[in-house]
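S.K.: Letter by letter, the chains look like this.
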Amino acid sequence: MNNPGLIYRNNANVWLGSSVTDLGTLTETITSHGGSTPKYTVEFTGQLPASFLTDANTNGLEVGFGSATCGNGYLVGSAAPVPEPASLILMASVLLALIACHFMKARRARMRCATVRS
Amino acid sequence: MIKRFLLTILFFGVIANAETISLSPINDGKGTIGTLSGFMVVNGSITIGSSGNGDILLNYNYETPGGSGPSTDLGPYTDFGITLDAADLVFQVGSNNYGIPIVSHSGAPNGGTASQFASVVAGHFYQTTHLLTAQTS
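For the record, the sequence lines run as chains A and B. FYI, this note's numbering numbers position 102 of the first sequence as 102, with every residue one higher than the one before it. Just so we're on the same page, this note's numbering is the position in the second sequence counted from 1, plus 1000.
These aren't lab readings, by the way, just hints derived from the structure by calculation. It is possible that some hints are incorrect.
As the list claims (entries may be wrong) - Facing chain A, from chain B, some residues (calculated, C-beta under 7 angstroms): (1) D1073; (2) G1075; (3) V1093; (4) N1096.
Every residue, glycine too, gets a C-beta built ideally from N, C-alpha and C.
Working from the sequences, and respecting the hints, build out all of it.
M.R.: See the structure below:
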């Protein structure tokens, strides 16, 4: 941030760049805990943008947060892509087909037994 | 029987879409500028519910206003004669970048190049074409 000489984690992402698109608003609550640790809790709640969720479900996401613009005290986290609804439906269809096969096989076995008895 | 089985699959499908991401400090030996109580982020979490609701928590140790700390909650610090501002929470999703500012900021901080810096409002969810690092001028 134009502070040569005090660059700490110089390659850590810390701020949004010049060109931004506003996707929505979350409710921000800042709670100060006075002298205890942690001194602040910041909480954001609300509906996350649909485009972000779709993107994250497809690609997974990586999170980075520095307490200051020098990249100080840096937190990281990540999440893998999650199955989309279409994938879940496909999975359910496959399982349904397997179950149907199982029942048809059992029915055929019962009929065969009945034929042998008669 | 089949119906019950399918309902079970659907139930677990919904559960699988709710996720909590833990945010942990990296241990790269670079420590903290200034006092620990003044700057150190502690931990955080991001919970995304099955309906797309988010609950994002960040715990950190910005000094409370007054004394040697900032003049406002999560306000900028002056240390070693320069100003350090609170950073944004940044998400990288594939080739796309998203972020939520903790505090509002605008213009060019500390004499930086104005064209590189956005004006953003705390709590808004943004998408951006690029992200800035500590080296950005």
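S.K.: So, as I understand it, the hint says D1073/B touches chain A; can you test that by seeing if any CB pair is closer than 7 angstroms?
M.R.: With Cβ-Cβ at 6 angstroms, under 7 angstroms, it holds.
S.K.: A closest beta-carbon separation below 7 angstroms is what the hint needs, so does G1075/B meet it against chain A?
M.R.: violated, 11 angstroms
S.K.: Closer than 7 angstroms between Cβ atoms is the bar; does V1093/B clear it against chain A? Give me holds or violated.
M.R.: This hint holds: V1093/B lies near chain A, its Cβ roughly 5 angstroms from the closest one there, short of 7 angstroms.
S.K.: Grab the minimum C-beta distance from N1096/B to chain A and call the hint holds if it beats 7 angstroms, violated otherwise.
M.R.: Holds. Min distance 6 angstroms.
Checked against the numbered hints listed earlier, the structure breaks hint 2 alone; every other hint is satisfied.
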